[in-house]
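S.K.: Letter by letter, the chains look like this.
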Amino acid sequence: MQNLSTVIENDDIRTSKVTAAKTAFLYTIPMMAGFIFLGIAYGVYMRSCGFSPIYPILMAVTIFAGSIEFVTVGLLLSNFNPIYALFLTIMVNGRHVFYGISMLDKYRGTGKKKWFLIAGMIDESFSVNYMADVPAGIDKGWFMFFVTIYNYIYWVVSTAVGALFGSLLTFNMEGLDFVMTALFLVIFISQWQNESSHESSLLGLGISLLSLTMFGEKYFLLPAMAGIWVILTFRRKQLERKVRTQ
Amino acid sequence: MTTAQQVITIGIVVLATQFTRWIAFFTFPANKPTPKYIKYLGNVLPSAIFGMLVIYCYKNVDLFSNSHGIPQLLAGAVVVSLQFWKKNMFLSIGVGTVLYMILVQFVF
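Chains as they are written, first to last, in numbering that gives the first Met the number 0: chain A, 0 to 245; chain B, 0 to 107.
It is worth saying that the hints were derived from the structure and are not from the lab. It is possible that some hints are incorrect.
Claimed, not checked - Reference excerpt, derived from the structure (chain B facing chain A, CB under 10 Å, subset only):
id, residue
1, T1
2, V13
3, A23
4, F24
5, Y36
6, P45
7, A47
8, V53
9, Y55
10, F63
11, H67
12, I69
13, K86
14, F89
15, G95
16, I101
Using N, Cα and C, we set each Cβ at its ideal position, and we do this for glycine too.
Based on the sequences and whatever the hints tell you, model everything.
M.R.: Written as structure tokens, this is what we have:
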């Protein structure tokens, strides 16, 4: 009897995993399109700079963060400067710190999967895992795991295709990268419709835009983050009340 | 740059990227209660981050170039309106992206 119930339980876990895998796949379709474009573009770009295919492929596998990978190409082409490499990476990827703070609770209790969820926490995985309204009966931990691993596979495979076969492409993909902008717009709107106060959303837009005009596209992220953090900290009393009385 | 220097450079980028992803989880481990202030930040930050990511996507748009950023802004407006109206993520993203591709390939 006990054996049977364990079998059923195992079976439940397996079907739940399969549903999580399927649901996660549906959610990541836009990212697949975006990464096919960006990954191929990245692979082709590194080849055009004179690197062998192994470079973009290994960088996609180990760095796994789109924008800094493009930036690293520039680093590899200039004089050796490890301090500048460190500074630039923190500058471009500092936003991950905010993702971590936002995911402290959501990644809790996910067991060993947590290691991979954190190591692979890119913009797209963070946004979908934070926003997705996972239907009841689907294991949230496995859902988030599959979202993260699909994105990883899309990125690495697309980069490899671009690096190895980029020159054979004839289909005009120009503009397909807009799929990522569309994704983040949709996520922003979904959050907008779910929140009781729009103060933080507007703050994020406003401060970032201000910082972009002041510091330029290369350096605006960290000042924007600092501004958002400082203002949210000073507005804590008011905002906590607004969010509570929803 | 020698191969060794290239490996070191890539290694620094890898480690620094991982550092930015892990630091919050190391500082506030799951087995200890998270400070209220950090919980508050975790609640209000995402909205601001999504706003920041939208601006990040538009950072390369040059309002004074040939197309004046019209394709990006027009397709973006279509995505936002569709999302408000139909609330269907795939429809909004699909229509917006196809429109943008048509605009940059054939119109501008």
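S.K.: Taking the hints in turn, state whether each one holds.
M.R.: Against the structure, the hints:
1. A distance limit of 10 Å between C-beta atoms decides the matter here; for T1 (chain B) the minimum to chain A is near 8 Å, and the interface restraint holds.
2. Of the supplied interface hints, the one on V13 (chain B) holds, with its beta-carbon coming within about 5 Å of a beta-carbon of chain A, less than 10 Å.
3. At its closest, the beta carbon of A23 (chain B) sits 3 Å from a beta carbon of chain A; the interface hint therefore holds under the 10 Å criterion.
4. The interface hint given for F24 (chain B) holds, since its Cβ lies 6 Å from the closest Cβ of chain A, which is under the 10 Å cut-off.
5. With a cut of 10 Å, the hint placing Y36 (chain B) at the interface with chain A holds, because the nearest CB-to-CB distance is about 7 Å.
6. This hint holds: P45 (chain B) has a C-beta 5 Å from the nearest C-beta of chain A, less than the 10 Å allowed.
7. Taking 10 Å as the C-beta cut-off, the interface hint given for A47 (chain B) holds, the closest approach to chain A being about 3 Å.
8. The closest approach between the C-beta of V53 (chain B) and any C-beta of chain A is roughly 5 Å, which is under the 10 Å cut-off, so the hint is satisfied.
9. Contact between Y55 (chain B) and chain A, as hinted, is supported at the beta carbon level, the nearest pair being about 7 Å apart and thus within 10 Å.
10. Restraint check, F63 (chain B) versus chain A: the minimum CB separation of about 13 Å is more than 10 Å; hint violated.
11. Checking H67 (chain B) against chain A: minimum C-beta separation of about 16 Å lies over 10 Å; hint violated.
12. Violation of the interface hint for I69 (chain B) is found here, the shortest Cβ-Cβ separation to chain A being roughly 13 Å, above the 10 Å cut-off.
13. For K86 (chain B), the suggested interface contact is upheld, since its CB lies about 8 Å from the closest CB of chain A, less than 10 Å.
14. Annotation: interface hint on F89 (chain B) holds; nearest CB of chain A at approximately 7 Å, less than 10 Å.
15. Given the 10 Å rule on beta carbons, the hint for G95 (chain B) holds: about 4 Å separates it from the nearest Cβ of chain A.
16. Interface hint status for I101 (chain B): upheld, as the beta-carbon distance to the closest one in chain A is roughly 8 Å, under 10 Å.
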